[in-house]
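2 protein chains.
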Amino acid sequence: MILASCFLIALGSLAQQQLGQRPRVKSPVVNTDGTVTFNFYDPTAQQVSINGDFEEIRGKRLEMTKQDNGVWTVTTQPLAPELYSYSLNVNGQRFIDPANSYVNRDISTLSNIFIVSHANDDKGHLYSVNDVPHGTLSRVWYDSPTLGQQRRMTIYLPPTYDGKKQFPVMYLLHGHGGDETSWGDLGRTSQIMDNLIAEGKCVPMIVVMPNGNPTCNAAPGWWHEGMYTPDGNAFRERGSKASMEESFMDIVKFVDSHYCTIKERSARAVTGLSMGGGHTFGISRLYPETFDYYGLQSAACRMPQDKTLFDTQMARLFASKPKLYWIAIGKDDFLIQMNTELRQYLDQKGYPYEYYENDGGHIWRNWRIYLTLFAQKIFK
Amino acid sequence: MILASCFLIALGSLAQQQLGQRPRVKSPVVNTDGTVTFNFYDPTAQQVSINGDFEEIRGKRLEMTKQDNGVWTVTTQPLAPELYSYSLNVNGQRFIDPANSYVNRDISTLSNIFIVSHANDDKGHLYSVNDVPHGTLSRVWYDSPTLGQQRRMTIYLPPTYDGKKQFPVMYLLHGHGGDETSWGDLGRTSQIMDNLIAEGKCVPMIVVMPNGNPTCNAAPGWWHEGMYTPDGNAFRERGSKASMEESFMDIVKFVDSHYCTIKERSARAVTGLSMGGGHTFGISRLYPETFDYYGLQSAACRMPQDKTLFDTQMARLFASKPKLYWIAIGKDDFLIQMNTELRQYLDQKGYPYEYYENDGGHIWRNWRIYLTLFAQKIFK
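Top to bottom, those sequences are chains A and B. Each residue of the first sequence is one higher than the one before, counting from 2 in the numbering used here. Each residue of the second sequence is one higher than the one before, counting from 2 in the numbering used here.
Hint data in this document are derived by calculation from the structure and do not stem from the laboratory. Just so you know, these numbers come straight off a predicted model, no measurement behind them. Incorrect hints may have been included.
Identical copies look the same in the list; a pair holds intra-copy or inter-copy alike.
As the list claims (entries may be wrong) - Each computed PhoX-like pair below joins lysine-lysine, with the alpha-carbon atoms no more than 25 Å apart:
(1) Lys-378 to Lys-322
(2) Lys-166 to Lys-254
(3) Lys-264 to Lys-165
(4) Lys-378 to Lys-202
(5) Lys-61 to Lys-27
(6) Lys-254 to Lys-165
Could you build all of it, start to finish, from the sequences and the hints given here?
So this is what it looks like as C-alpha cells:
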C-alpha cells in the first residue's frame, strides 16, 4: 500500500512536466457565506489586486494584503450567485491566477472563472455541472458550399438523444470576436441545457453553435491559420464569398441531414447575441418560413438603408406568423437605442413581439440569462 | 464603411469584458529560421525568464532582457519541429504568458504552447491543424454499470464517418493525473489522426479516449464535484466499485452499440501511456480475445505478485495470437526498468512483441510520437 502510494506520487510529479514551480496556495476559495477569498504567493511583489466582474466591486480593484508568509490575500463581500471572471494585477501587470486552472478565453484574453451558488435554484447552480443526465458536446466540421469552406461548429445533443427519436433544434449565434466555442465556454450552454432539461423546464433539444465569421473556418488554433492572436477582426480584410446570413441554410441543411431533427418550422429556433443578434435579425428576414422562434439578444439590429426591401421582408416575416419574436437587452447596453428603434418600428407596424429588459450591459452575464429564458419559451 | 468599422471596433472592445488591460506585445513569435522570440511588457520587473521544454535549453531558464520601452525579450536558438510548452518567470514567480491565449492544462497547471514546423513532413506539421478533412471530436457521457456511474469520454470520429460505413476502433488511455481531455489537448490526437488519415498513412478509425480514474466521473470542472484543484489523486480515498480494467468492457459495449464500429477483434486496438499503459497491460490479460493490437507506452507495467495467475493469463493472451504487442519507452524514462523486466519475461517465454526505444523520458513529446507510430501499425 505504501509502495503503491509512493509509486503514484512519483508518477504524479513526473506526469506533469515541471516548467517552473511555485508554492501551492488555494485560490479562489468560495466560502460558505458567499464571500470569496483569493490567495497569491509572491513575497517580493509591491502591490497585488484582483480585477473582477463582481457587481459588488464594480469598477474598482480589490487590493490584496501581504501576510508574513509571502501570501497576498483578500476576501470579498458576499457575492450573489453567478459565474464570475477575474484576473490578478501584480505590480501593475495583468496575469491570470496561477492557482486556478479554470479559465475562459474571450477573443485573445484568458480570465479565471469561479462559481458562487447558495441554493439549488439559483444561477450559480444552473451554470454548474450537477448530478443530472448530460448531453453530448461535439466539434463538428461541415461543408459550406455558399462560403466554399469546410467549417467547424459545436453541437449539443440532449441526454436522451439516441439516433432514433427526433428533436427540435435551437441555432445559437455568438457575437463579434467570438466563435463556435463562445456559447459553450463563456455561455455555459451545455450546463444550462442539461439543468433546464433535467428540471423539466425546457424541452429536450439539439443546440447548434456555428462559427459566425465567414472569413474564418473555425476558432483560433482550430483551423489551418495556426495559433494566431485573435483580435475580433482577424482575416476580415480577406472578404468572403457570402455573409453569415446568406450561408446560413448550409448549416440547417447539414444539421437536418446528419442528426435526428424534426424537420419543421415549428421545431426550429434561432437566437444570437450582439452580432449574432444581428444575424438572427437578418435570418428572420431572409428565411421567414424556416423558423418559428427568434431571439434577439443585445442585438446589433440596425435597420437597413433600403427601407422598401426592409418593409417587404418584415411584412412577409410577420405575415408568416412566427410563434415568437423576442427582443432582450440590458438597460446599460450600448446597443439599446438601436433596439428601441426596432421596437418603435414594430409597434408602428403592429407586429407582435415580446420584450425583456433587465439590468446591466453588453456582457455574458446577461446572455446566459437570455439563453435560459429563451430556451424555456420555445417548442412548447 | 467608416461607420461600420467604428461600430465593429466598439463591438470588439465591448464584447470583451475588460478585466484589466495591458499593452499589446506579440509573444511568442516563431521566426522563419526556427528561432522563437518571447516578449513580455513589465517596466518595473527585476528579472524575467522563460521556462520551457525545448531540448535546446534543457534545464536552464532563458533570461529575458529589458528594452527601453519596458518590453522584456529573448530569442531562442533554432528549435527542432515540435509542439513546445513554456511559462514565464517574473521576479521568481511562475505565470503564463499574458500575450499567448493558447494553453494546455496538465493536472492543475496551465502552460503556454506553440508549434515550430519547417516542412510539410515534420512533427510540427503533424501536430498542426492543416487544410485537410477534419474528424469530429465529441465529449460523450456513457453509463458504466460496473462503476455505477455516468462517465465522460472523448470520441474522435474520422472525417469519412457518415453513420453507415463501419470503422475500427483504437482505445487510447491517459496516464496518472490525466483525464478524458489529456490525449486530445496534450496529445494532439485529432490533429495527428486528421493528418495521418489525409496522408494515407493510417486507416480511418474511431479513437476512444475514456477517463481512466474510476473515482472521477469526468475531467475537473466537468462533473458534479465542481471546480476543484486536481492533484492527480483527487477522490482516490473514496475507493471505487471496480478498477479501470474491470470496468473497461462497459466502454467497449457502449461504443459498439452507439457508433458504426467493426465489431471484431481484428478491428480493436488498445494503447495507453504510463498508468494507461498499465491499464493496457491489464486489459490484455483480462480480455485476451477482444483486441488484436496492444500498445504499451512508457507503461506502468509492474508484473503482479501472483505469478501463477499472471503466467496463466499471459499464456492465454499469447495463445490467442494478437497481431501486435508493442512496447515503447524512452531511454530516460523512470519506468524503463519495469519495462525491461516485462521484456525479459516475454523473451524467456518466447512470446512475440515489438519494441521501440527512443530518447527522452516520461513526457508528452514521446507519447505523441508513440501514438503516431502505433496508429500506423494497426488495422492493416
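Tested hints:
no.	hint	result
1	Lys-378 to Lys-322	within (16 Å within a copy, 59 Å between copies)
2	Lys-166 to Lys-254	both (18 Å within a copy, 21 Å between copies)
3	Lys-264 to Lys-165	both (14 Å within a copy, 21 Å between copies)
4	Lys-378 to Lys-202	within (9 Å within a copy, 50 Å between copies)
5	Lys-61 to Lys-27	within (23 Å within a copy, 28 Å between copies)
6	Lys-254 to Lys-165	both (18 Å within a copy, 19 Å between copies)
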